[in-house]
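Residue numbering for the sequence shown follows the working numbering, beginning at 1 and increasing consecutively.
Simulated from the structure, these hints should not be mistaken for laboratory data. Possibly wrong hints are sitting among the right ones.
[What the hints assert, rightly or not] Derived Cβ-Cβ restraints for the label pairs, each shown as a range: (1) Arg38 <-> Val202: 27 to 35 Å; (2) Arg263 <-> Arg82: 36 to 44 Å; (3) Arg263 <-> Gly175: 42 to 50 Å; (4) Pro285 <-> Leu378: 34 to 42 Å; (5) Arg221 <-> Thr85: 17 to 25 Å; (6) Thr85 <-> Ser149: 46 to 54 Å; (7) Ala240 <-> Ser357: 30 to 38 Å; (8) Pro6 <-> Ala275: 21 to 29 Å; (9) Glu259 <-> Val202: 46 to 54 Å; (10) Gly175 <-> Gly74: 22 to 30 Å.
Quick reminder that beta carbons are idealized off the backbone N, C-alpha and C, glycines included.
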Amino acid sequence: MPEVPPIPLSQLTTLRTGGTPARIVEARTAAELVAALREVWAEGEPWFVLGGGSNLFAGDEPFEGTVVLVRTAGIEELPGSRPGTVRLRVQAGHDWDALVAETVERGLAGIEAMSGIPGTVGAAPVQNVGAYGQEIVQTLVEVELIDESTGEVSVVPAVELGLGFRTSVLKQHYGSIPDRSAVILSVTLELERIGDGARPIVGEQLRGALGLDADEAVSLRWIRDHVLATRARKGMVLDAQDPDTWSAGSFFQNAIVSEAFARTLPDACPKWPMAPVLDPVTVIPLAAFDGILPPPVVERHEVKVSAAWLIENAGLRRGFRLPRSRAGLSTKHTLALTNRGEATAAEIAELARFVQSRVHAEFGLLLQPEPVLVNVEL
(Lines of atoms letter the chains of each structure in order from A and count residues from 1; the text may use other names and numbers.)
(Lines give C-alpha, C1' and ligand atoms only; values in the text may rest on other atoms or scores of the structure.)
Protein backbone atom coordinates (compact mmCIF):
# COMPACT_ATOMS: atom_id res chain seq x y z
CA MET A 1 0.00 0.00 0.00
CA PRO A 2 1.97 3.03 -1.24
CA GLU A 3 2.11 5.90 1.25
CA VAL A 4 2.82 9.32 -0.25
CA PRO A 5 4.09 12.51 1.40
CA PRO A 6 1.11 14.49 2.75
CA ILE A 7 0.19 17.62 0.81
CA PRO A 8 -2.58 20.16 1.53
CA LEU A 9 -6.06 19.16 0.42
CA SER A 10 -6.21 22.54 -1.29
CA GLN A 11 -3.95 20.97 -3.93
CA LEU A 12 -6.24 17.97 -4.38
CA THR A 13 -9.69 19.58 -4.50
CA THR A 14 -11.32 21.72 -7.17
CA LEU A 15 -12.53 24.24 -4.57
CA ARG A 16 -8.84 24.67 -3.60
CA THR A 17 -9.33 24.63 0.16
CA GLY A 18 -8.19 22.26 2.88
CA GLY A 19 -5.38 21.65 5.35
CA THR A 20 -2.79 18.89 5.25
CA PRO A 21 -3.83 15.36 6.31
CA ALA A 22 -1.75 13.43 8.79
CA ARG A 23 -1.35 10.66 6.22
CA ILE A 24 -2.09 9.98 2.54
CA VAL A 25 -2.06 6.57 0.87
CA GLU A 26 -2.53 6.02 -2.85
CA ALA A 27 -4.30 2.98 -4.32
CA ARG A 28 -3.74 2.26 -8.01
CA THR A 29 -5.36 -1.18 -8.11
CA ALA A 30 -8.53 -2.57 -6.58
CA ALA A 31 -6.43 -4.89 -4.41
CA GLU A 32 -4.42 -1.94 -3.07
CA LEU A 33 -7.64 -0.04 -2.36
CA VAL A 34 -9.12 -2.95 -0.41
CA ALA A 35 -5.90 -3.46 1.55
CA ALA A 36 -5.61 0.24 2.37
CA LEU A 37 -9.18 0.52 3.62
CA ARG A 38 -8.97 -2.63 5.74
CA GLU A 39 -5.79 -1.34 7.39
CA VAL A 40 -7.25 2.11 8.08
CA TRP A 41 -10.47 0.64 9.47
CA ALA A 42 -8.56 -1.81 11.68
CA GLU A 43 -6.65 1.09 13.22
CA GLY A 44 -9.87 2.99 13.90
CA GLU A 45 -8.51 6.33 12.71
CA PRO A 46 -10.49 9.07 10.91
CA TRP A 47 -10.49 8.55 7.15
CA PHE A 48 -12.07 9.40 3.86
CA VAL A 49 -11.50 8.45 0.23
CA LEU A 50 -10.67 11.05 -2.38
CA GLY A 51 -11.10 10.71 -6.11
CA GLY A 52 -11.21 13.82 -8.26
CA GLY A 53 -11.84 16.12 -5.29
CA SER A 54 -14.66 17.87 -7.14
CA ASN A 55 -17.40 17.27 -4.57
CA LEU A 56 -15.46 18.04 -1.40
CA PHE A 57 -15.29 21.14 0.77
CA ALA A 58 -12.40 20.76 3.21
CA GLY A 59 -11.63 22.96 6.20
CA ASP A 60 -8.46 24.93 6.83
CA GLU A 61 -7.22 22.90 9.81
CA PRO A 62 -5.06 19.78 9.29
CA PHE A 63 -7.07 16.56 8.93
CA GLU A 64 -6.04 14.24 11.75
CA GLY A 65 -6.47 11.01 9.86
CA THR A 66 -5.80 9.17 6.60
CA VAL A 67 -6.87 10.17 3.11
CA VAL A 68 -7.05 7.28 0.66
CA LEU A 69 -6.48 8.47 -2.90
CA VAL A 70 -8.44 6.30 -5.35
CA ARG A 71 -6.37 6.10 -8.53
CA THR A 72 -7.71 2.87 -10.03
CA ALA A 73 -8.70 2.91 -13.71
CA GLY A 74 -9.91 0.63 -16.47
CA ILE A 75 -12.99 -0.36 -18.50
CA GLU A 76 -14.10 -3.96 -19.09
CA GLU A 77 -16.77 -4.67 -21.71
CA LEU A 78 -19.36 -7.35 -20.91
CA PRO A 79 -22.46 -8.67 -22.69
CA GLY A 80 -25.67 -6.71 -22.13
CA SER A 81 -28.87 -8.19 -20.79
CA ARG A 82 -30.69 -7.88 -24.13
CA PRO A 83 -29.81 -7.45 -27.81
CA GLY A 84 -28.41 -4.05 -28.69
CA THR A 85 -26.97 -3.38 -25.23
CA VAL A 86 -23.55 -3.72 -23.67
CA ARG A 87 -22.31 -3.56 -20.11
CA LEU A 88 -19.20 -1.72 -18.98
CA ARG A 89 -17.51 -2.52 -15.67
CA VAL A 90 -15.43 0.51 -14.75
CA GLN A 91 -12.92 0.92 -11.93
CA ALA A 92 -13.85 3.47 -9.27
CA GLY A 93 -10.91 5.81 -9.86
CA HIS A 94 -11.54 6.15 -13.59
CA ASP A 95 -12.19 9.74 -14.66
CA TRP A 96 -15.93 10.19 -15.24
CA ASP A 97 -15.70 12.44 -18.28
CA ALA A 98 -13.06 10.18 -19.84
CA LEU A 99 -15.60 7.35 -19.51
CA VAL A 100 -18.31 9.44 -21.17
CA ALA A 101 -15.94 10.32 -24.02
CA GLU A 102 -15.10 6.63 -24.46
CA THR A 103 -18.78 5.61 -24.61
CA VAL A 104 -19.49 8.26 -27.24
CA GLU A 105 -16.50 7.05 -29.25
CA ARG A 106 -17.88 3.49 -29.08
CA GLY A 107 -21.41 4.61 -30.04
CA LEU A 108 -22.91 3.70 -26.66
CA ALA A 109 -25.87 5.78 -25.46
CA GLY A 110 -27.00 6.47 -21.91
CA ILE A 111 -24.57 8.88 -20.25
CA GLU A 112 -23.69 11.35 -23.03
CA ALA A 113 -25.71 14.19 -21.44
CA MET A 114 -23.49 13.89 -18.36
CA SER A 115 -20.43 15.03 -20.29
CA GLY A 116 -18.15 17.43 -18.46
CA ILE A 117 -19.16 16.40 -14.94
CA PRO A 118 -15.90 16.35 -12.95
CA GLY A 119 -14.87 13.57 -10.61
CA THR A 120 -14.45 9.82 -10.74
CA VAL A 121 -16.73 6.95 -11.69
CA GLY A 122 -16.87 5.57 -8.14
CA ALA A 123 -18.36 8.82 -6.85
CA ALA A 124 -21.14 8.89 -9.46
CA PRO A 125 -23.57 6.42 -7.83
CA VAL A 126 -22.98 7.88 -4.35
CA GLN A 127 -24.97 10.98 -5.20
CA ASN A 128 -26.71 9.64 -8.32
CA VAL A 129 -25.07 12.21 -10.58
CA GLY A 130 -27.13 13.61 -13.40
CA ALA A 131 -27.55 16.40 -15.91
CA TYR A 132 -30.17 17.47 -18.43
CA GLY A 133 -32.58 14.68 -17.59
CA GLN A 134 -30.04 11.83 -17.49
CA GLU A 135 -29.07 10.25 -14.16
CA ILE A 136 -26.79 7.33 -13.48
CA VAL A 137 -29.72 5.44 -11.92
CA GLN A 138 -31.06 4.99 -15.48
CA THR A 139 -28.06 2.91 -16.59
CA LEU A 140 -26.52 1.57 -13.38
CA VAL A 141 -26.70 -2.21 -12.99
CA GLU A 142 -24.59 -2.87 -9.91
CA VAL A 143 -21.57 -1.78 -7.91
CA GLU A 144 -18.78 -3.73 -6.29
CA LEU A 145 -18.05 -2.30 -2.86
CA ILE A 146 -16.35 -2.96 0.44
CA ASP A 147 -18.25 -2.42 3.69
CA GLU A 148 -16.55 -0.71 6.62
CA SER A 149 -18.45 -2.78 9.19
CA THR A 150 -17.18 -6.13 7.89
CA GLY A 151 -14.32 -5.38 5.52
CA GLU A 152 -16.01 -7.72 3.06
CA VAL A 153 -16.27 -7.14 -0.70
CA SER A 154 -19.63 -7.74 -2.35
CA VAL A 155 -21.58 -6.95 -5.51
CA VAL A 156 -24.68 -4.89 -4.79
CA PRO A 157 -27.52 -4.40 -7.32
CA ALA A 158 -28.44 -0.81 -8.08
CA VAL A 159 -31.92 -1.32 -6.64
CA GLU A 160 -30.39 -1.77 -3.16
CA LEU A 161 -28.55 1.58 -3.20
CA GLY A 162 -31.58 3.76 -2.47
CA LEU A 163 -30.85 6.01 -5.43
CA GLY A 164 -32.83 9.24 -5.38
CA PHE A 165 -32.31 12.85 -6.35
CA ARG A 166 -28.57 13.40 -5.68
CA THR A 167 -28.59 10.77 -2.98
CA SER A 168 -28.08 7.12 -2.11
CA VAL A 169 -27.58 5.01 1.00
CA LEU A 170 -23.84 5.70 0.56
CA LYS A 171 -24.12 9.52 0.57
CA GLN A 172 -22.91 11.46 3.57
CA HIS A 173 -25.31 14.37 3.74
CA TYR A 174 -24.35 17.44 5.71
CA GLY A 175 -25.07 16.83 9.39
CA SER A 176 -25.67 13.09 9.02
CA ILE A 177 -23.87 9.82 8.40
CA PRO A 178 -24.52 7.51 5.44
CA ASP A 179 -27.00 4.68 5.88
CA ARG A 180 -24.29 2.31 4.66
CA SER A 181 -20.62 3.09 5.22
CA ALA A 182 -18.90 1.53 2.24
CA VAL A 183 -16.53 2.39 -0.60
CA ILE A 184 -17.25 1.59 -4.24
CA LEU A 185 -14.57 -0.42 -6.03
CA SER A 186 -16.17 -0.67 -9.47
CA VAL A 187 -19.36 0.32 -11.26
CA THR A 188 -21.28 -1.59 -13.94
CA LEU A 189 -23.44 0.30 -16.44
CA GLU A 190 -25.68 -1.02 -19.20
CA LEU A 191 -25.72 1.16 -22.32
CA GLU A 192 -27.46 1.00 -25.68
CA ARG A 193 -25.31 0.40 -28.75
CA ILE A 194 -26.56 2.88 -31.37
CA GLY A 195 -23.42 3.81 -33.29
CA ASP A 196 -22.57 7.29 -34.51
CA GLY A 197 -25.77 7.98 -36.46
CA ALA A 198 -28.30 10.69 -35.65
CA ARG A 199 -31.58 10.01 -33.85
CA PRO A 200 -34.30 12.08 -32.11
CA ILE A 201 -33.78 12.93 -28.43
CA VAL A 202 -36.39 11.44 -26.10
CA GLY A 203 -35.76 13.60 -23.03
CA GLU A 204 -37.59 16.93 -23.01
CA GLN A 205 -35.13 18.50 -20.55
CA LEU A 206 -32.14 17.67 -22.76
CA ARG A 207 -33.94 18.90 -25.90
CA GLY A 208 -34.75 22.16 -24.16
CA ALA A 209 -31.17 22.67 -22.96
CA LEU A 210 -29.81 22.06 -26.45
CA GLY A 211 -32.55 23.93 -28.31
CA LEU A 212 -33.79 20.90 -30.24
CA ASP A 213 -37.23 20.25 -31.71
CA ALA A 214 -38.97 17.00 -30.77
CA ASP A 215 -38.26 15.37 -34.14
CA GLU A 216 -34.77 16.78 -34.65
CA ALA A 217 -32.13 14.03 -34.90
CA VAL A 218 -28.57 14.39 -33.62
CA SER A 219 -25.64 12.08 -32.89
CA LEU A 220 -24.07 11.19 -29.55
CA ARG A 221 -20.99 13.21 -30.51
CA TRP A 222 -23.17 16.26 -31.27
CA ILE A 223 -24.84 15.95 -27.86
CA ARG A 224 -21.51 15.66 -26.05
CA ASP A 225 -20.00 18.65 -27.85
CA HIS A 226 -23.01 20.86 -27.15
CA VAL A 227 -23.36 19.78 -23.51
CA LEU A 228 -19.69 20.58 -22.95
CA ALA A 229 -20.17 24.00 -24.57
CA THR A 230 -23.26 24.67 -22.46
CA ARG A 231 -21.49 23.69 -19.24
CA ALA A 232 -18.43 25.74 -20.18
CA ARG A 233 -20.58 28.85 -20.59
CA LYS A 234 -21.75 28.30 -17.01
CA GLY A 235 -18.21 27.78 -15.72
CA MET A 236 -18.98 24.13 -14.94
CA VAL A 237 -16.12 22.56 -16.91
CA LEU A 238 -12.79 22.62 -15.07
CA ASP A 239 -10.33 25.19 -16.43
CA ALA A 240 -7.11 25.99 -14.56
CA GLN A 241 -7.18 29.52 -16.00
CA ASP A 242 -10.79 30.33 -15.06
CA PRO A 243 -11.58 31.10 -11.37
CA ASP A 244 -15.27 30.51 -12.11
CA THR A 245 -14.42 26.81 -12.30
CA TRP A 246 -12.50 26.77 -9.00
CA SER A 247 -15.53 25.40 -7.23
CA ALA A 248 -17.25 22.22 -6.09
CA GLY A 249 -19.79 22.58 -8.88
CA SER A 250 -23.29 23.32 -7.64
CA PHE A 251 -22.72 24.16 -3.98
CA PHE A 252 -26.39 23.98 -3.02
CA GLN A 253 -28.87 21.30 -3.98
CA ASN A 254 -32.05 22.13 -5.83
CA ALA A 255 -34.59 21.93 -3.04
CA ILE A 256 -37.19 19.15 -2.85
CA VAL A 257 -40.35 20.53 -1.25
CA SER A 258 -44.01 19.66 -0.90
CA GLU A 259 -46.55 20.76 -3.49
CA ALA A 260 -48.12 23.01 -0.88
CA PHE A 261 -44.84 24.77 -0.13
CA ALA A 262 -44.01 25.08 -3.82
CA ARG A 263 -47.26 27.00 -4.31
CA THR A 264 -46.01 29.64 -1.85
CA LEU A 265 -43.08 30.44 -4.13
CA PRO A 266 -43.42 32.94 -6.98
CA ASP A 267 -44.83 31.57 -10.23
CA ALA A 268 -41.60 32.54 -11.98
CA CYS A 269 -39.57 30.11 -9.85
CA PRO A 270 -38.76 27.03 -11.96
CA LYS A 271 -40.42 23.92 -10.53
CA TRP A 272 -40.34 20.31 -11.65
CA PRO A 273 -42.57 17.52 -10.29
CA MET A 274 -40.54 14.61 -8.94
CA ALA A 275 -43.05 12.10 -10.30
CA PRO A 276 -45.69 12.22 -13.05
CA VAL A 277 -48.93 13.80 -11.87
CA LEU A 278 -51.74 11.56 -13.10
CA ASP A 279 -55.48 12.02 -12.81
CA PRO A 280 -56.77 9.35 -10.42
CA VAL A 281 -59.09 6.76 -11.91
CA THR A 282 -61.72 5.11 -9.73
CA VAL A 283 -63.14 1.81 -10.95
CA ILE A 284 -66.33 0.57 -9.26
CA PRO A 285 -67.92 -2.72 -10.37
CA LEU A 286 -71.40 -2.00 -11.70
CA ALA A 287 -72.94 -4.58 -9.37
CA ALA A 288 -71.44 -2.78 -6.37
CA PHE A 289 -72.30 0.78 -7.41
CA ASP A 290 -74.84 2.36 -5.06
CA GLY A 291 -74.93 5.77 -6.73
CA ILE A 292 -72.42 7.33 -4.32
CA LEU A 293 -68.85 8.04 -5.37
CA PRO A 294 -66.11 7.65 -2.74
CA PRO A 295 -64.18 10.80 -1.82
CA PRO A 296 -61.13 11.36 -3.99
CA VAL A 297 -57.78 10.18 -2.69
CA VAL A 298 -55.48 13.14 -2.17
CA GLU A 299 -51.93 12.32 -3.22
CA ARG A 300 -49.11 14.50 -1.99
CA HIS A 301 -46.38 15.06 -4.53
CA GLU A 302 -42.90 16.43 -4.10
CA VAL A 303 -41.57 19.22 -6.28
CA LYS A 304 -37.99 20.20 -7.15
CA VAL A 305 -37.34 23.95 -7.20
CA SER A 306 -34.38 25.83 -8.66
CA ALA A 307 -31.82 26.83 -6.03
CA ALA A 308 -30.10 29.11 -8.56
CA TRP A 309 -33.34 31.05 -9.12
CA LEU A 310 -33.90 31.38 -5.36
CA ILE A 311 -30.38 32.74 -4.86
CA GLU A 312 -30.63 35.27 -7.67
CA ASN A 313 -34.07 36.42 -6.58
CA ALA A 314 -32.91 36.81 -2.99
CA GLY A 315 -30.80 39.64 -4.38
CA LEU A 316 -27.49 37.82 -4.85
CA ARG A 317 -26.26 38.24 -8.39
CA ARG A 318 -23.52 36.49 -10.31
CA GLY A 319 -20.09 37.53 -9.07
CA PHE A 320 -21.39 38.59 -5.63
CA ARG A 321 -18.74 38.80 -2.89
CA LEU A 322 -18.75 39.80 0.73
CA PRO A 323 -16.44 42.72 1.59
CA ARG A 324 -12.72 41.79 1.64
CA SER A 325 -13.50 38.17 0.80
CA ARG A 326 -11.64 36.07 -1.76
CA ALA A 327 -14.72 33.85 -2.18
CA GLY A 328 -17.55 34.74 -4.51
CA LEU A 329 -20.46 33.47 -6.52
CA SER A 330 -19.46 32.48 -10.03
CA THR A 331 -19.78 35.26 -12.58
CA LYS A 332 -21.51 32.72 -14.84
CA HIS A 333 -23.76 30.71 -12.50
CA THR A 334 -25.07 31.70 -9.04
CA LEU A 335 -25.22 28.10 -7.83
CA ALA A 336 -21.42 27.81 -7.76
CA LEU A 337 -19.42 29.22 -4.85
CA THR A 338 -15.95 29.87 -6.17
CA ASN A 339 -12.45 30.44 -4.87
CA ARG A 340 -11.32 33.65 -6.55
CA GLY A 341 -7.71 33.06 -5.51
CA GLU A 342 -6.31 31.69 -2.23
CA ALA A 343 -9.62 31.94 -0.41
CA THR A 344 -9.74 30.05 2.87
CA ALA A 345 -12.42 27.52 3.74
CA ALA A 346 -13.62 30.01 6.35
CA GLU A 347 -14.28 32.56 3.61
CA ILE A 348 -16.17 30.02 1.50
CA ALA A 349 -18.22 28.96 4.53
CA GLU A 350 -19.01 32.57 5.42
CA LEU A 351 -20.35 33.17 1.90
CA ALA A 352 -22.36 29.92 2.01
CA ARG A 353 -24.00 30.89 5.29
CA PHE A 354 -24.82 34.34 3.92
CA VAL A 355 -26.49 32.81 0.85
CA GLN A 356 -28.47 30.44 3.06
CA SER A 357 -29.64 33.27 5.30
CA ARG A 358 -30.75 35.49 2.42
CA VAL A 359 -32.72 32.73 0.70
CA HIS A 360 -34.29 31.67 4.00
CA ALA A 361 -35.29 35.23 4.86
CA GLU A 362 -36.81 35.80 1.43
CA PHE A 363 -38.48 32.45 0.73
CA GLY A 364 -38.53 30.49 4.03
CA LEU A 365 -36.34 27.74 2.62
CA LEU A 366 -32.94 26.62 3.95
CA LEU A 367 -30.70 25.48 1.11
CA GLN A 368 -28.60 22.40 1.80
CA PRO A 369 -24.99 21.98 0.63
CA GLU A 370 -24.30 19.37 -2.01
CA PRO A 371 -20.56 18.71 -1.47
CA VAL A 372 -19.22 16.51 1.32
CA LEU A 373 -17.91 18.73 4.13
CA VAL A 374 -14.74 17.65 5.95
CA ASN A 375 -13.35 19.61 8.90
CA VAL A 376 -15.73 22.51 8.23
CA GLU A 377 -19.26 23.48 9.23
CA LEU A 378 -21.87 25.89 7.93
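Do the hints match the structure? See the list:
1. For Arg38 paired with Val202, a C-beta distance near 44 Å fails the hint of 27 to 35 Å.
2. Against the hinted window of 36 to 44 Å, the Cβ-Cβ separation of Arg263 and Arg82 comes to about 42 Å, which satisfies the hint.
3. A hinted range of 42 to 50 Å for the beta carbons of Arg263 and Gly175 is inconsistent with their spacing of about 28 Å.
4. Between Pro285 and Leu378 the Cβ separation comes to about 56 Å, which falls outside the hinted range of 34 to 42 Å.
5. At roughly 20 Å, the beta carbons of Arg221 and Thr85 sit within the given window of 17 to 25 Å.
6. A hinted range of 46 to 54 Å for the beta carbons of Thr85 and Ser149 is inconsistent with their spacing of about 34 Å.
7. Taking 30 to 38 Å as the suggested C-beta distance range, the pair Ala240 and Ser357 conforms, at roughly 32 Å.
8. For Pro6 paired with Ala275, a C-beta distance near 46 Å fails the hint of 21 to 29 Å.
9. For Glu259 paired with Val202, a C-beta distance near 26 Å fails the hint of 46 to 54 Å.
10. Separated by about 36 Å at the C-beta atoms, Gly175 and Gly74 break the suggested range of 22 to 30 Å.
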